[in-house]
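Trainee: Okay, here's what each chain looks like letter by letter:
There are 2 protein chains.
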Amino acid sequence: MNVQDIGEQGLLAIVKRFCPSEVVGDDGAIITAKSDGSLVVTTDMLVDEVHFSDRTTSASDVGWRATAANLSDIAAMGASPLGITVALGLTGDTPVSWVEEFYRGISECLEPFNTPIIGGDVCQSKVRCVSITAFGQVNSQYAIRRNTAQAGNAIMVTGVHGDSRGGLELLLKPELGESLTEAQRDCLIQAHQRPIPRLDAIAILQEMLPDGVVVAGMDSSDGLADAVVQICQASQIGARIEKHQIPISDALKLLVSPSQALDWALYGGEDFQLVFSLPLPLAEELAEKLGGGAAVVGMTSPDSQILLVDQTQPQTDTILVLNKGFKHF
Amino acid sequence: MNVQDIGEQGLLAIVKRFCPSEVVGDDGAIITAKSDGSLVVTTDMLVDEVHFSDRTTSASDVGWRATAANLSDIAAMGASPLGITVALGLTGDTPVSWVEEFYRGISECLEPFNTPIIGGDVCQSKVRCVSITAFGQVNSQYAIRRNTAQAGNAIMVTGVHGDSRGGLELLLKPELGESLTEAQRDCLIQAHQRPIPRLDAIAILQEMLPDGVVVAGMDSSDGLADAVVQICQASQIGARIEKHQIPISDALKLLVSPSQALDWALYGGEDFQLVFSLPLPLAEELAEKLGGGAAVVGMTSPDSQILLVDQTQPQTDTILVLNKGFKHF
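Heads up: the protein sequence lines correspond to chains A and B, in order.
Counted the way the numbering used here counts, the first sequence spans residues 1 to 329.
Counted the way the numbering used here counts, the second sequence spans residues 1001 to 1329.
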């Protein structure tokens, strides 16, 4: 059965199953925010055959990933999520089961964070497309921005990098995974299909953050290198990232060569970890509390150079660059 | 020059011209809401060749209409707007001038309401598509819902109906407008191309609303009949709408027959007026303050019948129905 068989009312009945009853039925949804918070808003659009494809991505994974990307942006601002809206353009021949699985993936991603779908739109389209907008709230003192990093602070990451790109490779070429355990293969594939937004790290950071300390940061959705460069350029400082401190999973090390793993960690993207700049003692404390690959990867510097360095081979310094290849027209 | 010639960075540079500088450059935008308000959220998706077309709609009108539809939903909830996000999917051969005009249309619609674009996304797509999400805030006592209407109250509208559909007809068949003045033709075409969200009516309503009076309502984007039926069904009451009290502009009366004008007023849609149910004396006071076609059009009733009545011809009562034809797959 396709969406053209059940029409708009049939589709809305499906959508409503995934929304709290009190937010459905009006022109807009009403939610209550805490009184002392600023509102954080982020939005993403995904299009069939550009950002996903039935050949490589299940409907539930499309829903999960689109949701995770938005919640990751909320986390990257230091905020906690209040809700999301989902606008969905569908071709008439889209199977109804695709729509149900898509919303199921969204709900599964939202569930651990008690975050509701608070509104949306379903419309006809010549190509399947999804636009998710997420809202969160943050106390001003905890807001994380890119342009507030200071020289002499640590740069830390909340977890391993490169696994998402490794998982994609494993999906494309399963034979590469023969030397990995099943758990290792699952770990890489989950990193690609079901990335987990690091809202947990924000909660832990805010618990331990002394008054007056400003944390700069963003997420690593476009790669670790891109995040470091964006933060440094926005803050008009430089950085030295220590090659051997970049956390790379054992699974990825088994899958590909060290240089390939490093390249994917820096430029693979879609790991959806958080990249922070904050005083070194705090960074070390946070990394220890988070565990699971969280690590200090370098320091900011007062110059404008953003370098990948290897303390054992000083002549091999390379310049980190923005991820130019990720989105294009 | 097309968007594929300037790439994502070029596009973002255009988008940034239309956004406040303080909200650009992070993973999300931060805005401050008043401390005593609930948050209202609404979202709409529009797709090329389904909701708009280069053949009939300029880029600036696409931007204006998409924005107006969302602000109208904010008004329909009794809220005032805080900002919007704009997600835009573009084909590579979209002219850069289309993108600039599109954002210009959005900005022109937002300008009278001091409402910023606070975020967005631009991505590649096989078909042009737009998703706008609007946020507003409302004090709980002023929130307007569909399901709170009570029997024995008035139903009022904030202005004339049918002009948007009339304007579309005039664009499709200019020869029909020969008996109209230029001002009348402009009025109909503006109603179609540049509808004005009735946020002004919300401000006036809230100024005069006594404590404890609940106003039910929604906008008439899918037609006046649809709005009346939705309010009545959600509130489990009926209504009598008096045919001769439905405000129809002189221009529309000149353009088409009385029965055609009435049909468009009821089912044409896209007038983006507000339809309220509230105590009769307040409804009459509000209609008088608003002027410009605002009128009490009928009364709610304790039964479940939703009728269009003509007091001079009681045998001609007809049943009002939901607008089923407007969106389909």
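FYI, nobody ran anything at the bench for these hints, they're computed from the structure.
Check the hints yourself; a few may be wrong.
[Unchecked claim] So the derived list for chain B, only partly shown, Cβ under 7 Å to chain A, looks like this:
no., residue
1, Asp1044
2, Cys1123
3, Gly1238
4, Ser1257
[Said to hold, decoys possible] Using 20 Å as the maximum straight-line C-alpha spacing, the simulated SDA-like pairs for lysine to any residue come out as follows:
no., chain 1, residue 1, chain 2, residue 2
5, A, Lys126, B, Lys1016
6, B, Lys1126, A, Ser257
7, B, Lys1016, A, Ser235
8, A, Lys253, A, Leu171
9, A, Lys173, A, Ser257
10, A, Lys126, B, Ser1259
11, B, Lys1126, A, Lys289
12, A, Lys289, A, Leu209
13, B, Lys1016, B, Ser1038
[Claimed, not checked] Where chain A lies over chain B, by a calculated footprint (3+ residues, C-beta under 8 Å):
no., region
14, 1127 to 1137
15, 1147 to 1154
The structure presented is a predicted model; accordingly, all values stated were derived computationally and were not measured.
Glycine residues also receive a C-beta, built at the ideal position from the N, C-alpha and C atoms.
Trainee: Are the hints correct? Go through all of them and say.
Mentor: Results for each hint:
With a cut of 7 Å, the hint placing Asp1044(B) at the interface with chain A holds, because the nearest CB-to-CB distance is about 5 Å. Because the closest C-beta pair between Cys1123(B) and chain A is about 5 Å apart, less than 7 Å, the hint holds. With its C-beta approaching chain A no nearer than about 19 Å, Gly1238(B) sits outside the 7 Å limit, and its interface hint is violated. Annotation: Ser1257(B) was flagged as interfacial toward chain A, and the flag is violated, the nearest CB pair being 30 Å apart, outside 7 Å.
In summary, the hint linking Lys126(A) to Lys1016(B) is not supported, as the alpha carbons are separated by about 29 Å, beyond the 20 Å threshold. For the suggested pair Lys1126(B) and Ser257(A), the alpha carbons sit about 36 Å apart, so the restraint of at most 20 Å is broken. Distance restraint check for Lys1016(B) and Ser235(A): the Cα-Cα separation of roughly 19 Å lies within the 20 Å cut-off, and the hinted pair is therefore satisfied. At roughly 17 Å between alpha-carbon atoms, Lys253(A) and Leu171(A) fall within 20 Å of each other, so this suggested pair holds.
About 16 Å separates the Cα atoms of Lys173(A) and Ser257(A), which keeps this hinted pair within 20 Å; it holds. Using a Cα cut-off of 20 Å, the hinted pair Lys126(A) and Ser1259(B) is violated, with the two alpha carbons roughly 36 Å apart. For the hint linking Lys1126(B) to Lys289(A), the alpha-carbon distance of about 45 Å lies beyond 20 Å, and the restraint is violated. Annotation: proposed proximity of Lys289(A) to Leu209(A) holds, straight-line Cα distance about 13 Å (limit 20 Å).
With a C-alpha separation of about 29 Å, the suggested pairing of Lys1016(B) with Ser1038(B) is violated against the 20 Å cut-off. Only residues whose C-beta sits within less than 8 Å of a C-beta in chain A count toward coverage, and the region 1127 to 1137 of chain B has 7 of them, enough to reach three; the restraint holds. Restraint check on the region 1147 to 1154 of chain B versus chain A: 1 residues with Cβ-Cβ distances below 8 Å, three needed, restraint violated.
Violated hints, listed in ascending order, are 3, 4, 5, 6, 10, 11, 13 and 15; each of the other numbered hints is respected by the structure.
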